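A.B. asks: Quick mapping for you: the protein sequence lines, in order, are chains A and B.
Note that the first sequence covers residues 1 to 96 in our numbering.
Note that the second sequence covers residues 1001 to 1350 in our numbering.
Take the hints with a grain of salt, since some may be wrong.
To be verified - Listed next, the in silico PhoX-like pairs over lysine-lysine satisfying Cα-Cα at most 25 Å (straight line):
no., chain 1, residue 1, chain 2, residue 2
1, B, 1042, B, 1255
2, B, 1255, A, 78
3, B, 1206, B, 1124
4, B, 1255, A, 7
5, B, 1178, A, 40
6, A, 7, B, 1319
7, B, 1319, A, 78
8, A, 78, B, 1110
9, B, 1206, B, 1042
10, B, 1178, A, 78
11, B, 1085, B, 1187
12, A, 78, B, 1085
13, B, 1187, A, 7
Worth flagging that the hints you see were computed from the coordinates, not collected in a lab.
Keep in mind the model is a prediction, meaning the values are calculated, not measured.
So you can see what is in the structure, the chains are spelled out below.
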Amino acid sequence: MKPNYLKNVATLTLDTEKCVGCGKCGEVCPHGVFDFVNDKALITQRDLCMECGACALNCPVNALEVNAGVGCASAIIKGWFTGGAPTCDCSGSECC
Amino acid sequence: MSKDCCCSGELDCSAERGEFRETNIPVVSTTLSARDIFGVLKVRFGIGRMDYKIEPGLYAVGNPDDNSPVLVSANYKLTFDALRKELSSLDCWLLILDTKGVNVWCAAGKGTFGTEELINRIEKTGLSEIVTNRKLILPQLGASGVNFNEVARRSGFSVMFGTVRASDIKQFIADGFKATPEMRTVKFTTRDRFVLTPVELVSAAKNSLFVLGVLFLVNLFAARQFGVYDFIAYAGVVLTGTVLTPLLLPVIPGKAFSWKGWLLGLLWSIFALWRFGWFAQGFGILAAGYLLLLPSVSAYLAMNFTGSSTYTSPSGVLKEMRIALPLIIGSAGVGAILVLIQTLIIGGAI
């Protein structure tokens, strides 16, 4: 299926000045968010970004930023109750 | 066969045996036994799911030599089995990280399938003395936990992110470690969604035992007893939220999971209320109550499926929840009060 979730929410940003066009972000992205134009990365499918953080973690020049985390409602609720960051703790049988 | 080995790739026991690779590193089969397949079924229904793991360490597939590829994976047995059954006729090494029995993607999100554990496991298994090549193939979905630069800098091994699915790994190796965009893209097919639904259903059913207990107590004081029809109406929305909505996800109009669950839940509720004759005179409060309560249950359950989906971002889920949760809680609260008013005060047959 073609993913179709909420638009204009992803926190992904790319600093084109810093980008060296190594292509790593495109390699690790599981949703084909990036394209490469003139040896630079370009975010062409921002609404497909699920904020997993793989691109930012593997960018050798820190040109990418994203508030990475788990897109899991029960993890977020658990985070509210425990006061911590949402973690997909999956204890019992909840989530992923 | 792999589980019973005392050594699990640790170097110290090789010294005792006087032999190195042959006895030290367990060789794993690429076919699953009946027991493995039964194990898959069990964890899919949430039985022993958090403790379905294998010993981390180095494993051999086929007859690998010092130049054979090294695949890295997680110690969730479901993951391990899904990988090894795709490796028939290959000679390779499997470096299994300690992800506490969690799959690659979720473990990468938590950091257990991560840079530190990978570097640590390379050292512990003495991998650099077993292979002469300095390449590791990681599942692509491990990339959110592993920084390839740091692994290279600290361990000397270069990391290649392979494919999303284990079924593409043979092609990836055959093509000289090249993945097509197709192999790099995560999917969420009907089958992918279907296999995830039993766990959701079992979890919801467990929580429902509490609801049934409360209703049993209410029945002691009720002017109208909760009966089998109430149970069917409720069970219907639980199934709608945990199974039907995930299955029909791409074809239900809209984007938010809770909205999709609410919509299907409303359709089911209208059908059930009509079928059970609760639109008749004298049941108005009950019908209104159930129409508010039941769809909000399936909305909530469907919202929880965001955790199983492969494409929802935390920002998106948070936005959805900020809108949906107050509506769900308000609607369910008012609905429950109306149902209780009819049940405790007004009464009525059926």
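A.B. asks: All the hints need checking, so say for each whether the structure fits it.
C.D. replies: Results of checking the hints against the structure:
About 32 Å separates the Cα atoms of residue 1042 of chain B and residue 1255 of chain B, which puts this hinted pair outside 25 Å; it is violated. Between the alpha carbons of residue 1255 of chain B and residue 78 of chain A the distance comes to roughly 23 Å, so the proposed pair stays at or under 25 Å and holds. In summary, the hint linking residue 1206 of chain B to residue 1124 of chain B is not supported, as the alpha carbons are separated by about 41 Å, beyond the 25 Å threshold. Proximity of residue 1255 of chain B to residue 7 of chain A is assessed by CA-CA distance (about 9 Å); at most 25 Å being required, the pair is judged to hold.
Taking the CA atoms of residue 1178 of chain B and residue 40 of chain A, the gap is about 21 Å. The hint holds against a cut of 25 Å. Straight-line distance between C-alpha atoms of residue 7 of chain A and residue 1319 of chain B comes to about 10 Å, which keeps the hinted pair within the 25 Å bound. Among the hinted pairs, residue 1319 of chain B with residue 78 of chain A is consistent with the structure: their alpha-carbon atoms are about 16 Å apart, no more than 25 Å. For the proposed pair residue 78 of chain A and residue 1110 of chain B, the alpha carbon gap of about 15 Å is at most 25 Å, so the pair holds.
Annotation: proposed proximity of residue 1206 of chain B to residue 1042 of chain B holds, straight-line Cα distance about 16 Å (limit 25 Å). Between residue 1178 of chain B and residue 78 of chain A, the direct Cα distance comes to roughly 40 Å. Violation of the 25 Å bound is thereby established for this hinted pair. Note on residue 1085 of chain B and residue 1187 of chain B: the hinted pairing holds, with a Cα-Cα distance of about 20 Å set against a maximum of 25 Å. Taking the CA atoms of residue 78 of chain A and residue 1085 of chain B, the gap is about 36 Å. The hint is violated against a cut of 25 Å.
Under the criterion of a C-alpha separation no larger than 25 Å, the hint pairing residue 1187 of chain B with residue 7 of chain A is consistent with the structure, at around 19 Å.
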